[in-house]
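Peer 1: Residue numbers (the working numbering), protein chains in the order written: chain A, -18 to 273; chain B, -18 to 273.
Because the hints were derived from the structure by calculation, they are not lab data. A portion of the hints provided could be inaccurate.
[Unchecked claim] Facing chain B, from chain A, some residues (calculated, C-beta under 10 Å): (1) S165; (2) M168; (3) A172; (4) V175; (5) T196.
Ideal Cβ positions, reconstructed from N, Cα and C, are used throughout, including at glycine.
Number of protein chains: 2
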Amino acid sequence: MKKVVFVGLGLIGGSFAAAMRGFEDCQIVGLVRRQATADYALEHGIVDAVSMDPMEVLPEADVTFLCMNPRQIVNYMEEHKDHFKPGSIVSDVCGIKTAVMEASKVLPEDVDFIGCHPMAGTEFSGIEHSFPTLFRNAHFIVTPRPESKEENVELIKRMAKHLGCRDIVVTTPEKHDDIIAYTSQLMHIVAAAVCDDAELFQCRGFEGGSFRDVTRVAALDVDMWTELFSMNAPALSRILQRMEENLHAYRVAVENCDVEQIHAKLTYSSERKRRMNLPGPGQFTLEELENN
Amino acid sequence: MKKVVFVGLGLIGGSFAAAMRGFEDCQIVGLVRRQATADYALEHGIVDAVSMDPMEVLPEADVTFLCMNPRQIVNYMEEHKDHFKPGSIVSDVCGIKTAVMEASKVLPEDVDFIGCHPMAGTEFSGIEHSFPTLFRNAHFIVTPRPESKEENVELIKRMAKHLGCRDIVVTTPEKHDDIIAYTSQLMHIVAAAVCDDAELFQCRGFEGGSFRDVTRVAALDVDMWTELFSMNAPALSRILQRMEENLHAYRVAVENCDVEQIHAKLTYSSERKRRMNLPGPGQFTLEELENN
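Between the sequences and the hints, there should be enough to build the whole structure, so can you do that?
Peer 2: Below is the structure:
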């Protein structure tokens, strides 16, 4: 029986652990800092066992998922580098990969670090907001080291499939961070920037679905996103600049009341969106999922 | 029995007409241009009767909702100003109000024009995408003329309540357009601008819920939104400029990798979002609705 340990049972760690129910022959263990989290996890059947002592758990873990903020993950690997089981897998679930993979180099050679990023979340945090279907239909990104064992990568992939993820993409940490600056980090900054407008509180009663959708993630976990942004600053700066330019081009067309230009720009953007043809959350059937 | 006419049975007109089922003692009539739309509306029970002849329908309508694009609404009032029933209400459902209310001045004095904006929609258009619960929990904005009859405004409000709207806000067309530039038009331009990024098609497999949410409305009705934007250009330009500035301030903090500044800005934005406390779509119980 494999021992799979989740260090940190917040929104992501708690949901991941809970979703692992029934995965192969595994014992799911939570390693937490607060007694309240330990109690909650056991009472709600999120894990099989729980501990607050890394020294008791880490040396026996076949797979350890570090489910904390990026800086904590970096520090945790440094602090516990000699406590992981030889031959085991250490992984993480955070939203940046280059800095974490770089930091993982402190681990001994016989510990296989494989970065993960299950691309799901909500605007809430903490174990009380976790739920096992969080990752259903989500993308699951895996960033192995060049020297990662194929069987270890395969095990992670089977787990991702068990979570109900729509697809599993294997890539480099650099490519991951570059794209995520656009698809995730920019969206959070856009949501935040919309809420910075002076008119925000005057607009109650006037907001429709688009306003709710765009601003949904603005009520974010400030500590975590500060780390995610600052640890991916170059890529994020580049996409922020491009977004400013693209917004500005729209402003010029609107300011000039250039109807032809507005029409041409909207035609261009809306066709690109249609070509992307992104399904909304929950728009997959179980059958589609199984065929993916 | 009142005759309520919907001129245009697209996404909004079709949904509104369908949602009027059971409203007081009314006959719901669709006035359309295409036979296919007429057939669809009758086959799906969206209206009680349908016509393609304005001269047959308008003179007998107690309430006429113009459910077309803004320019068409303006032109329709000019063309049919002498065909509306004396003492009747003419209304519209489009997303800008100043230009439409201004254009409504061509109507005879004994026709009461009352602007409406039910704040709901989807990224689709056409009667085949209409559904009677579209307006459930939405805001319904009413912009009467100063001289509009109170009983007429009350009738419109009862209709909005029948649609299942969460609340009904009465305001001026100028205030409506100013706020809507922010809460609706800016969101559509943000969605479009995100899709303009050169990396769009490379990001498949890396997009999460926030990307889907922010870009959802980008596949918009180009003709309609070109009109909405160009007919509200001054207000929209102002908010676009403010959004650029707010985005830029985030970029400066990120470019400088100024962790304290990023943290302070995210604290500010996320607290504003939490203070807004916007419920997501579908987060109301029927009971809450009834109490509103």
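Peer 1: Close enough to count: is the Cβ of M168(A) nearer than 10 Å to one in chain B?
Peer 2: Because about 4 Å separates M168(A) from the closest Cβ in chain B, which is inside the 10 Å limit, the hint holds.
Peer 1: Is the shortest C-beta separation between S165(A) and chain B less than 10 Å?
Peer 2: S165(A) check passes; min Cβ-Cβ to chain B is 6 Å, inside 10 Å.
Peer 1: Under 10 Å, Cβ to Cβ, is where A172(A) needs to be relative to chain B, so tell me if that hint holds or is violated.
Peer 2: holds, 7 Å
Peer 1: Do the numbers back the hint for V175(A), that is, is its least Cβ distance to chain B under 10 Å?
Peer 2: holds, 7 Å
Peer 1: Can we keep the T196(A) interface hint, with Cβ of chain B closer than 10 Å?
Peer 2: holds, 6 Å
Checked against the numbered hints above, the structure violates none of them.
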